[in-house]
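**Q** Residue numbers (the numbering used here), protein chains in the order written: chain A, 1 to 449; chain B, 1 to 449.
All copies of an identical chain are treated as equivalent in the list; a pair is satisfied when it fits inside any one copy or across any two copies.
Okay, derived cross-link-like pairs now, SDA-like style, lysine to any residue, Cα gap no bigger than 20 Å in a straight line: (1) K37 - L133; (2) K37 - R191; (3) K27 - Y71; (4) K319 - Y353; (5) K37 - F189; (6) K27 - E333; (7) K37 - R190; (8) K27 - R190; (9) K186 - R69; (10) K348 - G29.
Since the hints were derived computationally from the structure, they do not count as laboratory data. Since the structure is predicted, the reported quantities are computational estimates derived from the model, not experimental observations.
There are 2 protein chains.
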Amino acid sequence: MITQHHHVVIVGGGFGGLYAARALADKPGIRVTLIDKRNFHLFQPLLYQVATGGLSPDDIAYPLRAVMRHYRNANVLNAEVTDILPETQEIVTSSGSLSFDTLIVATGVSHFYFGHDEWEQYAPGLKTLEDALEMRRRIFQAFEEAEKATSQDERKAWTTFVVVGGGPTGVELAGAIGELTQNTLKGEFRRVDPSMTQILLVEGADRVLPPYPADLSAAAAADLYRLGVTVRTGTLVSNIDADLVTLKSGEDTEQIRARTVLWAAGMRASSLGRIIHERTGAPLDRAGRVIVESDLSVAGHSNIFVIGDLANYQHQNGKPLPGVAQVAMQQGEYLGELISLRIHGGNKSSFYYNDKGNLAVIGRNAAVADIGRLHINGYIAWVIWLFVHIAYLIGFERKLQVMIQWSWSYLTRRHNSRLIVGGLQAASNPTLNGRTDERLMIEPTLRER
Amino acid sequence: MITQHHHVVIVGGGFGGLYAARALADKPGIRVTLIDKRNFHLFQPLLYQVATGGLSPDDIAYPLRAVMRHYRNANVLNAEVTDILPETQEIVTSSGSLSFDTLIVATGVSHFYFGHDEWEQYAPGLKTLEDALEMRRRIFQAFEEAEKATSQDERKAWTTFVVVGGGPTGVELAGAIGELTQNTLKGEFRRVDPSMTQILLVEGADRVLPPYPADLSAAAAADLYRLGVTVRTGTLVSNIDADLVTLKSGEDTEQIRARTVLWAAGMRASSLGRIIHERTGAPLDRAGRVIVESDLSVAGHSNIFVIGDLANYQHQNGKPLPGVAQVAMQQGEYLGELISLRIHGGNKSSFYYNDKGNLAVIGRNAAVADIGRLHINGYIAWVIWLFVHIAYLIGFERKLQVMIQWSWSYLTRRHNSRLIVGGLQAASNPTLNGRTDERLMIEPTLRER
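Go ahead and model the full structure; you've got the sequences and the hints to work with.
**A** In structure tokens form, the structure reads like this:
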């Protein structure tokens, strides 16, 4: 019997939390509070486009309040959750505590530098909008610095990019930088030739896109090569500093002088994973993700659930489901039905992930798509990728705008969203140059005083 | 006789510098170096749209290299100019020094707090993209905080906005915030009613838009009133701190509890003005602007020019020309012809500003336009405003995109570009709250621990 609304508190407005909120908020007898420390939902698959100037931050993020505006039983709270108290059924936030009847935690993951946190300042990752803007700043600043450089060595260091990690993120990032250097920036500089840029993609496994079928990995590698990207498989990064990257391949060590290193390898669970473990005893895996039951709940707590990248779900095939948007969305929708059913005395079978296929895009009109038995690559795959992404945006009212922005960008073959916001002083930041008082050596037209 | 290209160095990529660069760069015998510490040209008249979430930063800024790409004799240099040496015909930049045959300085103005620089942390201005993003953050964060507030006083302080300065910038800003609170944010909050927001526009003169004809000032005031803006003319700000604004009107003093104060009053010349004065003896006015000759040159230096907001040109009617985009553009184009003519032995008469009219928009479909003898207000003025702005963008390839973005925004009556970038911690910044360890008091549903 329900005497008052069942209060579902959802922590995290990413794919998992948002889809759960939308599924629950119009079910009878339920009210939802969606909590996020940001005021928007981020469409992470397109972050690499912001990082390379193809899209604007506002194109891939949607204010949570606007998404939830029509759900009268839904509340959006802009706060950070710092603790979970299962005994009293409360969470603690930066704005006070909140009671729940059911709790869903979907706070995802962030970068992991394999114990080398000191690399972070030299090699930004790509998880948040700020990350993407920082990457963008460094990429475009590198060409500005190359243009002003006065020695061949300096110019080469500024036009050498290293992308660490050959999964979908790294591949898409490297391909997009390749597009910039081969097409977009052509003709814009007078001293540096962007098409002579060296882009290295470093991957520890024996091929890029390790989760994909081997033929698609090969197709991706070929597309990358055409865009000027050199792929180094079976290679790990052993050190990164301000202008030097050390690579290790078997017994061999190689040092690359590169001013711009971008991190697309290694993820670690949000800190709420550890808090859940401490408060409930739920087991964590090595990446800190919460190992969940077959209904996505935390062991021994039937009203606390973990979904999305933060969850480790092994009940389908013995291995954890991948940390992709599809999984999070389906888990959110599953809980939407499960929780509602249970309130009314019903139940649902275990969560089952229906893998509709995977896509990775490399450059303007090349992509690889792995859909059931179909392995597609090339232009067709890119078109599929385009429409799938737009379809995901249904209900967010962004699809027309993104379609227009992308079409515009595609037609003009130019990346308009490349502003270096933050000012020139950022380029003198010690983490980029290594020394604050360094002055570039100068050509005959620019003389040092 | 020209034995080699005449090198024109232009400092500043705003309206003045960019229009001068484009006018000069395809003239025979001339090569141009355009220097800016940012890598983009900013369309400042629309900054208030970014500040209120109507447009994205990338919508109103265009990479300088892209604008200049087709001018083979033009170089873009991303650097900051720190000194000017007329005797040796050099400028000093953050990347070394550079020789010039002709120098054009067009570095504009920035905010001025009338000697109260301590107000800047409480009341951001609107001159750069970072300014606009900071304003945007504060505006939207204010509603998030109001939603969480647990006392009536706190909620009222968060939903009270003070805009200082009743010129075009302040009027457009206040009107746009009014649009947000009356239309866009309706229905998105559960505790706070955005339409109950109090917006104060404070102006020292006896009417808003003092440079405009009196009937248009009255029309603007009426439009503002309809958008929930309270106009206080004949009123000055005597103090601003984290949550209190003190107003002075004649003998009366009033204190307003407001968490969000936005500065649109008071401008001061860029520091290069002072450097020009020290190096050439050219006179400055009280705002630090360089008083120029009738050909826009610096007294005694026929090959050094100052244009745009940094210049004080009095030769047309005894009063300095206004610091508006039109003036800067026409001055840039004038120099394009003048310098080219003089190199080939010719000359040109004094600069003459052809005032084609002035526009200020208030809200979605109300504006005032002062064109020759025509005083237009209302919807027609807004349409004119729209097309004039788009026409200004001709050649920047932005017009279609902006038109689409604006049309989309207008049709959906929703401001999509309101992301609070930078994270929640920014809201706990001492300059916003006053104290770092402050916790908001909380309602029954959120209990303090």
